[in-house]
Amino acid sequence: MKRLIVSVVLVMSALFSGQSNADLEIVITEGTNSARPIAVVPFKWLGEGTAPYNFTEVVSSDLIRSGRFKPVELQQLPSRPSNDSDIDNYTEWARLGVEAVLVGTVSQFAAGRYEVSYQLIDPLRGQITGGLSDYIKDEGLASEQDHILDGRTSVVLDSQFRQYAHRISDVVYEALTGERGAFLTRIAYIFVEPDAQLPYQLMVSDYDGENARVLLRSPEPLMSPSWSPDGSKLAYVSFENKTAEIFMQDIYTTEREKLTSFPRINGSPAWSPDGKKMAMVLSKDGAPDIYVMDLATRKLQRITEHWRIDTEPKWTPDGKSLVFTSERGGLPQVYRVDLESARIRRTTFNGQSNLGGVVTPDGKGLVMVNRDNGFYHIARQDFPTGNFYQLTQTTLDESPSIAPNGSMIIYSTMYQNQQVLALVSMDGRFQARLPSRAGDVKAPAWSPFL
Amino acid sequence: MQLSKVIKASIIALSVLTIAACSSTSDDATSSSSTTSQTGKDLEGVQTGAADRILTPAEERARVREEQQERYADLRKENVLYFDFDNASIRSEFAEILAAHADYLMRNPAATVVIEGHTDERGTPEYNIALGERRAKSVVDYMQSLGVNAKQMTMVSYGEEKPVVRQSNERSWSQNRRAVLVY
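As they're listed, the protein sequences go chains B and A.
Going by my numbering, 237 is the number at position 223 of the first sequence; the sequence numbering is gapless.
Going by my numbering, 66 is the number at position 50 of the second sequence; the sequence numbering is gapless.
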């Protein structure tokens, strides 16, 4: 009877939680054999009854979705240690072939607060040192446990459990790859339900689709969300007044401000890396051109002046240049303009056409939509070498956005006559799809580090 | 006497007959003459026809204009025109429709129209906003060349955001690549 009540409650809460019809799950469409095995041992709950949260489930999902790691099946774990001291025999862990073992504990700290403690252990190193490694220091012998790659203890509010789990994933990822993890980031996107009264919705969710929130609902189209560098605001295009206008909205306070409403096109807003300027497209002076607006003074600086289409400006990480799409040479290609010298150079030459260029966070590459034989793929081009890589096999791709650590690209594509979001790793080896239950999902924008 | 009664009756009868005969004869005469003026077919196989009145030049122009206005009113019910892929040129099959709309706007200087530009889903959303505007502008320029005042026309581009058909094939794409005149 109790189980029946519990399951009914779960169903009811699932129905009323957030915007369940817009939640995104992740379906992996192409794994990678080069994923590195890792052992994620369920954290031990040091209190009574059932554990308050399953941290390791979130950590495992995060690590799988990065495309770099493959958590070992739970039944294959030789034991369930919760601390390095629980491990007597590193060999049985080394034999699993895992490069690291994550162990931890959860205990009650106060009402609504829990102490979470975890360690990331290198079993091979532990096998060699036996858990303690000696070295010479100041003409004496010292020892350390250098087989423990990282270990932390924190007090966490129960409302922050999922967020903290993502934090753990970040720590594990950085310890093993040397790169910053991007598991505590968000995505903004547009959700379209054609038959609804207010069909166009601006949404924000965790990078994995959880905690989806509607920020705006409109009877007219919404486009091109762009994050402020501190992750607190979104700029976007709205047709709510029956014409294109650029708005800015605080995602926490819901405060909105209309930024531009020039005649004709107001489009493609892009916040500068220092947060002080907004690049945009305006056609008020004859044809769509790139402008940069100073947000403090609202003064406009015209960047391109060409009778053919210039659009989709995106900043380089140093804030000194913009890449943009232009058809000044015939078909659309990606160009780069140095804001100091105003010098414009074409950067893409592969395939029939290239659009929607975004610069990687390290500034060394360009991700774009490449049109080849009538198909639209996501592709990457490295700046110094010009090496070109097609990353996807899907054929109607658009709107790529890169994770702030440069590891993953989110983009929109067609699947079974529905527009959905998809992920591809920067090397193209890992691919996943985020199916949506109803409607079209488009225009994804990955947030900065939060 | 008996004989006088009979004679009196027969005189009356005779005169009635005579009158009747006269009138019937005259009726026949009228009907046969009118029949002759109408078709005369029944009578002797002669046919007639009427000649067209020659219109004065002013009357001629008025008639042509009236026909044109009727035709334009019909054409104006069409307010969507379609485009080729990656293209913003007005196809010749839409010239008449635009002429009809242009005529209406020129005769009604207070009327305004919004010209929407749309594209199919291929390519990126913002590039398609620009392409949609190019299509709307193409219509505006064409109408201006016919004599419409630019102040009566405004443009909005919706790019790929408002398709009429949500499918990914050539046929659907061709239906989405359009400009719409909205009064």
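Don't read these hints as lab results, they were simulated from the structure.
The reader is advised that the hints may include incorrect statements.
Said to hold, decoys possible - Simulated pairs of lysine to aspartate or glutamate, EDC-like, Cα-Cα distance not exceeding 16 Å: (1) 178(A) <-> 244(B); (2) 272(B) <-> 254(B); (3) 334(B) <-> 288(B); (4) 178(A) <-> 209(B); (5) 290(B) <-> 308(B); (6) 290(B) <-> 234(B); (7) 178(A) <-> 234(B); (8) 58(B) <-> 98(B); (9) 247(B) <-> 264(B); (10) 93(A) <-> 112(A); (11) 378(B) <-> 441(B); (12) 178(A) <-> 254(B); (13) 178(A) <-> 454(B); (14) 291(B) <-> 209(B); (15) 58(B) <-> 106(B).
As the list claims (entries may be wrong) - If we take Cβ atoms under 7 Å as the criterion, some of the chain A residues that face chain B in the derived model are: (16) 75; (17) 76; (18) 145; (19) 146; (20) 172.
Glycine residues also receive a C-beta, built at the ideal position from the N, C-alpha and C atoms.
Results for each hint:
A C-alpha spacing of about 32 Å is found between residue 178(A) and residue 244(B), which places the hinted pair above 16 Å, so the restraint is violated. Restraint check for residue 272(B) and residue 254(B): the C-alpha separation of about 11 Å stays at or below 16 Å, so the hint holds. The hinted pair formed by residue 334(B) and residue 288(B) meets the criterion: a straight-line CA distance of about 11 Å does not exceed 16 Å. Of the supplied pair hints, the one linking residue 178(A) and residue 209(B) holds, its CA atoms being roughly 13 Å apart against a limit of 16 Å.
For the proposed pair residue 290(B) and residue 308(B), the alpha carbon gap of about 6 Å is at most 16 Å, so the pair holds. With a CA separation close to 29 Å, the supplied pair residue 290(B) and residue 234(B) exceeds the 16 Å bound. A hinted pair counts as satisfied when its Cα atoms are at most 16 Å apart, and residue 178(A) with residue 234(B) qualifies at roughly 9 Å. Distance check on the hinted pair: residue 58(B) and residue 98(B) sit about 13 Å apart at the alpha-carbon level, within 16 Å; holds.
For the suggested pair residue 247(B) and residue 264(B), the alpha carbons sit about 4 Å apart, so the restraint of at most 16 Å is met. The straight-line distance between the Cα atoms of residue 93(A) and residue 112(A) is roughly 12 Å, inside the 16 Å bound, and the hint therefore holds. Restraint check for residue 378(B) and residue 441(B): the C-alpha separation of about 14 Å stays at or below 16 Å, so the hint holds. At most 16 Å may separate the alpha-carbon atoms for a hinted pair to count; residue 178(A) and residue 254(B) meet this at roughly 13 Å.
Proposed proximity of residue 178(A) and residue 454(B) is supported: the alpha carbons are some 12 Å apart, at most 16 Å. Only pairs whose Cα atoms come within 16 Å are accepted, and residue 291(B) paired with residue 209(B) is rejected, the gap being roughly 37 Å. Taken as a hint, the residue 58(B) and residue 106(B) pair is broken in the structure, with Cα atoms around 20 Å apart against an allowance of 16 Å. Among the interface hints, the one on residue 75(A) is violated; its C-beta lies about 46 Å from the nearest C-beta in chain B, farther than the 7 Å criterion.
With a cut of 7 Å, the hint placing residue 76(A) at the interface with chain B is violated, because the nearest CB-to-CB distance is about 45 Å. Here the hint on residue 145(A) is kept, as its CB sits about 5 Å from the closest CB of chain B, short of 7 Å. With its C-beta approaching chain B no nearer than about 4 Å, residue 146(A) sits inside the 7 Å limit, and its interface hint holds. For residue 172(A), the interface hint holds, since its Cβ comes within 7 Å of a Cβ in chain B; the closest pair sits about 5 Å apart.
When held up to the earlier numbered hints, the structure conflicts with 1, 6, 14, 15, 16 and 17 and fits the remainder.
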